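Each residue of the sequence shown is one higher than the last, beginning at 79 in the working numbering.
These aren't lab readings, by the way, just hints derived from the structure by calculation.
These figures come from a predicted structure and were not determined experimentally.
For glycine and all other residues, C-beta sits at the position ideal for the given N, C-alpha and C.
Warning: the hint list may mix true and false statements.
[Stated by the list, open to error] Beta-carbon label-pair distances, calculated as ranges:
#, residue 1, residue 2, range
1, Lys220, Thr119, 37 to 47 Å
2, Glu93, Ser174, 20 to 30 Å
3, Met79, Thr214, 17 to 27 Å
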Amino acid sequence: MGYVVAVGADNAGVEYKNRIKADLAADPRIDRVVDLGVGSTDDDTAYAHVGVAVARQVASGEADRGILVCGTGMGMAISANKVAGVRASTAHDSFSVERLVLSNNGQVLCLGARVIGVELARRLAREFFDYTFDATSASASKVEAICSYEAS
79 MGYVVAVGAD NAGVEYKNRI KADLAADPRI DRVVDLGVGS TDDDTAYAHV
129 GVAVARQVAS GEADRGILVC GTGMGMAISA NKVAGVRAST AHDSFSVERL
179 VLSNNGQVLC LGARVIGVEL ARRLAREFFD YTFDATSASA SKVEAICSYE
229 AS
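When you get a sec, could you build the whole thing from the sequences and use the hints?
So, in structure tokens, the structure goes:
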């Protein structure tokens, strides 16, 4: 069984999103890619709406993971983290992508199209699926601590 991945971008990140979406569709680890917008650089939908839409798919279990792209990745990460049960972060290097999953059980990777080149973004998106969180690891109690704040 492979991953179901929700992807989204604002108009600053749509071109990167489309490249990453094509890569994911060709990746044997991915069963399905759900594109939640935007569709073009002319679409001025605010990143917050797209970030929350992707995060809701992940939180509900409709998607296993999400990838979001905006100018810096930061707005998407902030927006996605407003959805309970979601851990999203911007990452612009391989080590951060690794730690997003292995240390934080992160399910949403956010990338900045105005910060990194498209080939690096594509590589980081591929690497995101190289890792699986170990619920018996030393990081598990730290992730539980993060999650405990959502209930309070």
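Cross-check of the supplied hints:
Against the hinted window of 37 to 47 Å, the Cβ-Cβ separation of Lys220 and Thr119 comes to about 39 Å, which satisfies the hint. At about 22 Å, the CB distance of Glu93 to Ser174 agrees with the hint of 20 to 30 Å. Taking the beta carbon of each, Met79 and Thr214 are about 21 Å apart, inside 17 to 27 Å as hinted.
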